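**Student:** First to last, the sequence lines map onto chains B and R.
In this text, residue positions in the first sequence follow the working numbering: the first is 9, and each later residue adds one.
In this text, residue positions in the second sequence follow the working numbering: the first is 9, and each later residue adds one.
Hints in this document: simulated from the structure, not taken from any laboratory.
Treat each hint with caution, since some may be false.
Since the list gives no way to pick out one identical chain from another, each pair is judged satisfied if it fits inside one copy or across any two copies.
[Claimed, not checked] Think about it this way: if two alpha-carbon atoms lie no more than 25 Å apart in a straight line, the pair counts; the simulated SDA-like pairs of lysine to any residue are:
#1 K103 - R25
#2 K226 - A237
#3 K175 - A190
#4 K103 - G27
#5 K175 - L120
#6 K103 - A39
#7 K103 - T62
#8 K175 - P119
#9 K177 - L121
#10 K175 - F151
#11 K177 - D165
Computed from a predicted structure; not experimentally measured.
Protein chains: 2
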Amino acid sequence: MIALSGLSAFPITPADRHGTVDEAALRRLVARLAAARVDSIGLLGSTGTYAYLTREQRRRALEIALDEAAGAVPIVVGIGALRTDDALRLAEDAKAAGAAAGLLAPVSYTPLLDEEVFVHFETVATESGLPLCIYDNPGTTHFTFSPALIGRLSRVDGILGVKTGAKPKNEVAAQFRALGEAVQPGFSVGCSIDIAAPDALLAGAKAWYSVVGGTLPKATLAITRAAQAGDTAETARLHAGLEPLWECFRRHTSLRVVYALADLLGLCRAEPPRPILPLTGSARDDVAAALKALPADLAQ
Amino acid sequence: MIALSGLSAFPITPADRHGTVDEAALRRLVARLAAARVDSIGLLGSTGTYAYLTREQRRRALEIALDEAAGAVPIVVGIGALRTDDALRLAEDAKAAGAAAGLLAPVSYTPLLDEEVFVHFETVATESGLPLCIYDNPGTTHFTFSPALIGRLSRVDGILGVKTGAKPKNEVAAQFRALGEAVQPGFSVGCSIDIAAPDALLAGAKAWYSVVGGTLPKATLAITRAAQAGDTAETARLHAGLEPLWECFRRHTSLRVVYALADLLGLCRAEPPRPILPLTGSARDDVAAALKALPADLAQ
Numbered sequence: 009m010i011a012l013s014g015l016s017a018f019p020i021t022p023a024d025r026h027g028t029v030d031e032a033a034l035r036r037l038v039a040r041l042a043a044a045r046v047d048s049i050g051l052l053g054s055t056g057t058y059a060y061l062t063r064e065q066r067r068r069a070l071e072i073a074l075d076e077a078a079g080a081v082p083i084v085v086g087i088g089a090l091r092t093d094d095a096l097r098l099a100e101d102a103k104a105a106g107a108a109a110g111l112l113a114p115v116s117y118t119p120l121l122d123e124e125v126f127v128h129f130e131t132v133a134t135e136s137g138l139p140l141c142i143y144d145n146p147g148t149t150h151f152t153f154s155p156a157l158i159g160r161l162s163r164v165d166g167i168l169g170v171k172t173g174a175k176p177k178n179e180v181a182a183q184f185r186a187l188g189e190a191v192q193p194g195f196s197v198g199c200s201i202d203i204a205a206p207d208a209l210l211a212g213a214k215a216w217y218s219v220v221g222g223t224l225p226k227a228t229l230a231i232t233r234a235a236q237a238g239d240t241a242e243t244a245r246l247h248a249g250l251e252p253l254w255e256c257f258r259r260h261t262s263l264r265v266v267y268a269l270a271d272l273l274g275l276c277r278a279e280p281p282r283p284i285l286p287l288t289g290s291a292r293d294d295v296a297a298a299l300k301a302l303p304a305d306l307a308q
Numbered sequence: 009m010i011a012l013s014g015l016s017a018f019p020i021t022p023a024d025r026h027g028t029v030d031e032a033a034l035r036r037l038v039a040r041l042a043a044a045r046v047d048s049i050g051l052l053g054s055t056g057t058y059a060y061l062t063r064e065q066r067r068r069a070l071e072i073a074l075d076e077a078a079g080a081v082p083i084v085v086g087i088g089a090l091r092t093d094d095a096l097r098l099a100e101d102a103k104a105a106g107a108a109a110g111l112l113a114p115v116s117y118t119p120l121l122d123e124e125v126f127v128h129f130e131t132v133a134t135e136s137g138l139p140l141c142i143y144d145n146p147g148t149t150h151f152t153f154s155p156a157l158i159g160r161l162s163r164v165d166g167i168l169g170v171k172t173g174a175k176p177k178n179e180v181a182a183q184f185r186a187l188g189e190a191v192q193p194g195f196s197v198g199c200s201i202d203i204a205a206p207d208a209l210l211a212g213a214k215a216w217y218s219v220v221g222g223t224l225p226k227a228t229l230a231i232t233r234a235a236q237a238g239d240t241a242e243t244a245r246l247h248a249g250l251e252p253l254w255e256c257f258r259r260h261t262s263l264r265v266v267y268a269l270a271d272l273l274g275l276c277r278a279e280p281p282r283p284i285l286p287l288t289g290s291a292r293d294d295v296a297a298a299l300k301a302l303p304a305d306l307a308q
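Using the sequences and the accompanying hints, generate a full structural model.
**Tutor:** In structure tokens form, the structure reads like this:
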């Protein structure tokens, strides 16, 4: 069973205008992550635009990534969908293909109630048998998990962990203490939101589910290892080195920035799915300037 | 060209656990709306759970409704989708089937920027040729339209109106004045949110896109006609008669309540798509009690 710890790196899913995954480009991205020895690959996360791809293309992306990673790095894959039956089918696909775990977000259109989210997760976990990580991302799902609900879900067989957005520095210790107290022993409480994640790791988060890790895995892994070793100063130094990129994230959003970054690094030339527009003009120039401003060991 | 005025009644879309539309039940709901002579039917709105149904089932629901309405009442149909190409295909389906207009919501997972929403709407309107109504519902789409963006969209050929959530009584006049000033002459500014809609009609909203109208069309039409005639006292009297139902909407949400209501009225026994759960126990009892408490002329 996967441990859900360390760095989970979230690549974009290169695809054409019709949502057909670009196999060669995806292989390049996955090979880069596997070569960097990230702890897991977070395929088809929000950064991997899972919500915009068909079941068929999601299965295809997973099969390509598993083949390319060739067992060297476990793959955790987004299985979120609006409908419970669709999420269940995606979980079954993921299990059949060989994913290590599924990332399940409470994707919503009609705002969901706690009990509805509980039953949704319990149904998918129990009926699919795929180990699950709760994907807590209110910025995209518009559902807010209480620590009590995460605690309740941590007691469902097969739900192994949660990926939750790290709060700012002065609140993060209390946040992870409260979550740690709410959940079953052994349940992995991990974090997202790259700008705040290193402090969350230092405060006890078991895993960092990272957007930038999908494009700059070596830099992100160096920060993760420093934080796991409890080296506060080195963590802060490395994290500060990425500040030009964090400033781009704040101004232009992480998703749009990593698409531009992948192109600027020569990894792939994909655009995000419409209606999301690629960065152009001065916004793209900002990303190019940020990349140029990074220390050489962090630009990879 | 449809005028987008008066009462647009939004039925639920009865479907089984797998998302297959129940033709007989949908025909009963549509026949009831056509018999009441609502001004239009808002098929596959948020209340019609469009976001949870496949393209195939959405086309099927539209064809059934058009056949049942038989030209007596125009049908405005939800064509929202996460991807621009999917929304365009739904618009093309709607046009080919004979819908009077499409309701386009900026459905989002990744939060969208104003320019992205503008291009999305412009693309669907221009490439499909289907007349469109902007579906402004931040509670489900999590996108907030500024009056300036609605104004800009009102100048795109084929975008005929907007359905926007009515603000509370003390703000609604200013809201509709600001929108009226922002848009092109002739553009229809209409409202949703049943509890606040009658005041919005009195304040100049051209249309009421109504959840309860899909189940109690006669009551809703009576309120609409009173408001259109400028009869403030009668509008308030009728609207107050529905207060037991409004209280249920506040406590249990409008979507879940109208599913229970359709069952209690003997119209159909459908459940909302999972993960959304049907009301049970005391919540369902609340709806039954509210229905019983309505004046006879408003319980239909």
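**Student:** All hints are to be evaluated individually against the structure, with a verdict given for each.
**Tutor:** Evaluation of the provided hints:
no., hint, verdict
1, K103 - R25, "between (28 Å within a copy, 23 Å between copies)"
2, K226 - A237, "within (16 Å within a copy, 69 Å between copies)"
3, K175 - A190, "within (17 Å within a copy, 39 Å between copies)"
4, K103 - G27, "both (23 Å within a copy, 24 Å between copies)"
5, K175 - L120, "both (23 Å within a copy, 23 Å between copies)"
6, K103 - A39, "within (22 Å within a copy, 45 Å between copies)"
7, K103 - T62, "both (17 Å within a copy, 24 Å between copies)"
8, K175 - P119, "both (23 Å within a copy, 20 Å between copies)"
9, K177 - L121, "neither (30 Å within a copy, 28 Å between copies)"
10, K175 - F151, "both (16 Å within a copy, 23 Å between copies)"
11, K177 - D165, "neither (32 Å within a copy, 49 Å between copies)"
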